[in-house]
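Line order of the protein sequences matches chains G and B. Heads up, the first sequence is in this note's numbering, so the first residue is 16 and it goes up one at a time. Heads up, the second sequence is in this note's numbering, so the first residue is 16 and it goes up one at a time.
Just to be clear, a hint being listed does not mean it is correct.
Any copy will do: because identical chains look the same in the list, a pair fits if it lies in one copy or spans two.
[Unchecked claim] As a list, the in silico DSS-like pairs of lysine-lysine whose alpha-carbon atoms are at most 25 Å apart:
#, residue 1, residue 2
1, Lys421, Lys397
2, Lys155, Lys322
3, Lys321, Lys366
4, Lys166, Lys58
5, Lys321, Lys92
6, Lys58, Lys276
7, Lys96, Lys389
8, Lys389, Lys155
9, Lys389, Lys58
10, Lys170, Lys363
11, Lys92, Lys32
12, Lys58, Lys92
13, Lys366, Lys116
14, Lys166, Lys92
15, Lys391, Lys269
16, Lys389, Lys92
17, Lys392, Lys287
18, Lys391, Lys98
19, Lys56, Lys92
20, Lys95, Lys35
21, Lys421, Lys391
22, Lys95, Lys363
23, Lys32, Lys287
Simulated from the structure, these hints should not be mistaken for laboratory data.
There are 2 protein chains.
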Amino acid sequence: MKSEKFPPKADQPPAEKIKKIDGGVCAPNGFIAAGVHAGIKEKTRDLTLIVSDVPAYSAGVFTTSITKAACVTIDQKQLKKSKVASAIVINSGNANACTGKRGMDDALESVETTSRALRISPSKVLVSSTGIIGQFLPMKRVNAGIVAAAKRLRKEGHLDAAEGICTTDTFVKEYAVEVNIGRVPVRIGGVAKGSGMIAPNMATMLAFVTTDANLSHSLLNKTLQRATEMSFNRITVDGDTSTNDMVLVLANGKAGNVSLKENSPAYTHFYKAFEHVLTVLSKLIVKDGEGATKLIEVTVKGSQSKKEAEQAGRTICNSLLVKTAIHGEDANWGRILAAVGRSGINFKPNKTEIFFGGLRILGKNYNISFSEEKAKKILQQKEITITVDLHGGNHSATLWTCDLSKGYIDINASYRS
Amino acid sequence: MKSEKFPPKADQPPAEKIKKIDGGVCAPNGFIAAGVHAGIKEKTRDLTLIVSDVPAYSAGVFTTSITKAACVTIDQKQLKKSKVASAIVINSGNANACTGKRGMDDALESVETTSRALRISPSKVLVSSTGIIGQFLPMKRVNAGIVAAAKRLRKEGHLDAAEGICTTDTFVKEYAVEVNIGRVPVRIGGVAKGSGMIAPNMATMLAFVTTDANLSHSLLNKTLQRATEMSFNRITVDGDTSTNDMVLVLANGKAGNVSLKENSPAYTHFYKAFEHVLTVLSKLIVKDGEGATKLIEVTVKGSQSKKEAEQAGRTICNSLLVKTAIHGEDANWGRILAAVGRSGINFKPNKTEIFFGGLRILGKNYNISFSEEKAKKILQQKEITITVDLHGGNHSATLWTCDLSKGYIDINASYRS
């Protein structure tokens with residue numbers, strides 16, 4: 016699988032104190048990984064293991080869908096029972112969703128096999144699946160794949176692991192950073208998959224984050240919730256939320272920093288780096304949205320509340336008319352304003368300004384004198400920022416989406432169930 | 016403009032007592048119409064007049080968008096002030112939305128010109144626009160077009176009128192029926208336009224209904240609200256709601272029937288015919304959805320409440336993954352079940368059954384034994400019915416959408432603002 020789109024522009028740490036490093040989920044101390052071809056899919060890697068050599072605090076956020084997959088149910092139970100985990104086993108090619116009791120048994124069998132292969136308790140194994148809905152896992156292949164992956168676990172396995180969780184993704188998505196916490200370097204790594212069925216609002220998609228930071232279980236939980244809200248929950252490709260969405264994090268404390276306390280500068284620094292990793296992964300997912308040719312960053316500001324800013328931003332991001340206009344590189348502010356208009360928020364259209372990049376294409380009182388040439392130049396870019404200033408308050412929100420192209424139709428009309 | 020897709024299969028009256036007739040909006044007694052090329056668009060007709068020769072009770076439902084067009088504001092005020100109207104003037108090619116004070120002045124000028132041309136009070140003229148957002152109307156052409164249309168008003172003008180309100184529509188949409196109310200024949204005619212920016216939930220799209228039925232103003236209002244809820248508010252093409260959506264009805268009483276009383280058998284009969292006309296127009300809009308190749312009828316039944324049935328149906332209808340799967344003629348029940356799962360309603364996935372036409376493709380407990388061949392045959396049709404039976408209650412709802420094809424992207428990425 017290609018990775019030449021990486022690192023993208025989006026992928027620059029915001030502060031000099033956050034250093035981008037190599038190694039993906041294996042960048043933090045004590046983590047190893049592997050990805051193999053188990054034969055669930057025809058060709059590419061389809062089974063991944065991510066392992067901490069000591070039990071790590073674990074936390075997760077999951078799809079809010081009622082038709083959630085077996086793995087979601089199992090992990091939710093597991094995280095309730097136990098604060099720690101050592102391994103995550105993930106297969107792609109088959110979501111093991113809507114598969115009833117047999118699906119549940121199959122997912123538990125994956126956990127059992129992983130536990131035996133790694134000689135750890137089944138209670139320390141989390142499981143995840145992605146792919147087609149309503150078909151049973153080929154368990155013989157899955158089991159053999161787990162055994163093979165366990166043998167290939169190593170520090171350099173992160174790229175294979177990143178490939179093993181992909182479905183229609185066109186490039187692997189991983190990222191890692193290092194920050195100093197009281198002079199102790201702490202690392203955060205992550206891997207994610209897209210790229211259809213991505214929606215904000217309710218839940219998330221598949222992403223796995225590792226860190227060697229030392230922090231309490233409850234603070235880890237809080238950190239994941241908060242950062243997911245600001246990243247994975249703010250992206251959309253097609254407005255569809257999957258049966259299998261999840262973000263899992265493992266924190267093994269191996270960096271040896273003094274345990275992070277909430278509200279401390281050290282924690283704030285760590286949190287910024289953590290949210291940054293999740294945001295970069297989120298943007299990579301959108302960039303690789305099915306058929307996507309452009310990453311669109313939408314900021315709504317001057318809103319009466321954060322919630323309204325988000326609501327307006329989501330409506331813009333989910334508007335097919337906006338997404339196709341950007342695909343066609345047309346400065347169609349009317350579709351953007353119309354989306355805000357129907358979003359259900361309270362605002363004054365005649366006070367609203369809309370910018371593409373730094374170029375104002377709609378001024379107050381519907382003033383639309385702008386250079387077509389400059390607009391064209393901005394819209395030809397691969398990354399486009401849209402700012403809507405409502406001039407009605409002090410709140411803002413940023414969300415991400417991609418354009419809608421014929422490629423999306425190609426991929427989703429030809430996908431066979 | 017072609018009309019060979021018309022009459023479609025959807026277009027058959029449900030009861031033998033409701034007779035389909037020719038004449039569109041001119042079918043009811045006392046209505047005449049015209050459509051001309053005013054030059055707002057390059058080639059096709061773009062200005063329509065629908066006129067009753069006596070003042071008619073009038074009612075309307077409108078977009079709930081905050082960025083509503085000038086015509087919406089004007090008509091809402093008008094309908095509040097006066098119970099009657101004689102004429103509707105509609106232009107296509109320019110929505111006159113987000114055009115501020117000048118846009119409002121222009122819309123009022125259209126009303127004035129129509130009032131002079133028809134020698135009626137401006138308070139008896141309703142106005143409507145559709146097309147591009149954020150540009151001023153070419154008022155010289157609009158005014159000349161109104162004068163020309165007024166001269167061409169006639170009983171046979173309904174097809175020209177139907178063409179005059181179209182934008183990206185590929186065929187004109189009109190329909191009319193006759194019912195006997197106490198042995199007095201009463202007629203209902205209608206005309207509509209699609210075909211992007213169609214969403215349910217909040218509002219409607221452009222449709223104009225005429226009837227010579229005799230009923231009170233308040234009952235006409237109630238009839239329109241209720242029937243719109245069951246028809247135009249239950250269709251979706253792309254989930255986008257426009258700045259200009261409206262349905263207007265004129266009832267001139269010229270049939271001479273005894274005034275209809277709510278809860279009477281006569282009214283029930285009339286209401287059924289009225290809703291039927293609106294439903295046929297709704298389906299025609301979906302059939303002509305931008306890039307649509309298939310009409311999809313979604314029924315959710317066995318729900319705990321009507322609201323939940325509707326909510327699940329809407330989520331299915333708006334799912335790009337479902338729409339592309341149907342486009343690809345793939346029996347992907349997983350995407351349908353996943354859509355219901357994330358719709359926010361309460362149900363048991365393992366109790367749910369899903370049918371394509373009469374063929375069960377998902378049984379209880381995820382039983383998926385069905386004939387691929389039969390499914391293929393059903394999915395190759397131009398009209399596809401999906402039934403989701405939740406087996407959790409007695410409520411149901413039916414909604415309509417179309418498939419999502421590359422044609423949608425073509426139309427909307429190349430549209431220039």
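Quick rundown of the hints versus the structure:
no. : hint             : verdict
1   : Lys421 to Lys397 : both (17 Å within a copy, 21 Å between copies)
2   : Lys155 to Lys322 : neither (48 Å within a copy, 44 Å between copies)
3   : Lys321 to Lys366 : within (19 Å within a copy, 39 Å between copies)
4   : Lys166 to Lys58  : within (20 Å within a copy, 70 Å between copies)
5   : Lys321 to Lys92  : neither (33 Å within a copy, 33 Å between copies)
6   : Lys58 to Lys276  : neither (46 Å within a copy, 69 Å between copies)
7   : Lys96 to Lys389  : neither (57 Å within a copy, 47 Å between copies)
8   : Lys389 to Lys155 : neither (58 Å within a copy, 32 Å between copies)
9   : Lys389 to Lys58  : neither (45 Å within a copy, 31 Å between copies)
10  : Lys170 to Lys363 : neither (55 Å within a copy, 43 Å between copies)
11  : Lys92 to Lys32   : neither (37 Å within a copy, 59 Å between copies)
12  : Lys58 to Lys92   : neither (33 Å within a copy, 64 Å between copies)
13  : Lys366 to Lys116 : between (56 Å within a copy, 13 Å between copies)
14  : Lys166 to Lys92  : neither (28 Å within a copy, 75 Å between copies)
15  : Lys391 to Lys269 : neither (50 Å within a copy, 56 Å between copies)
16  : Lys389 to Lys92  : neither (54 Å within a copy, 41 Å between copies)
17  : Lys392 to Lys287 : neither (33 Å within a copy, 55 Å between copies)
18  : Lys391 to Lys98  : neither (52 Å within a copy, 49 Å between copies)
19  : Lys56 to Lys92   : neither (28 Å within a copy, 61 Å between copies)
20  : Lys95 to Lys35   : neither (33 Å within a copy, 63 Å between copies)
21  : Lys421 to Lys391 : both (21 Å within a copy, 24 Å between copies)
22  : Lys95 to Lys363  : between (46 Å within a copy, 23 Å between copies)
23  : Lys32 to Lys287  : within (10 Å within a copy, 69 Å between copies)
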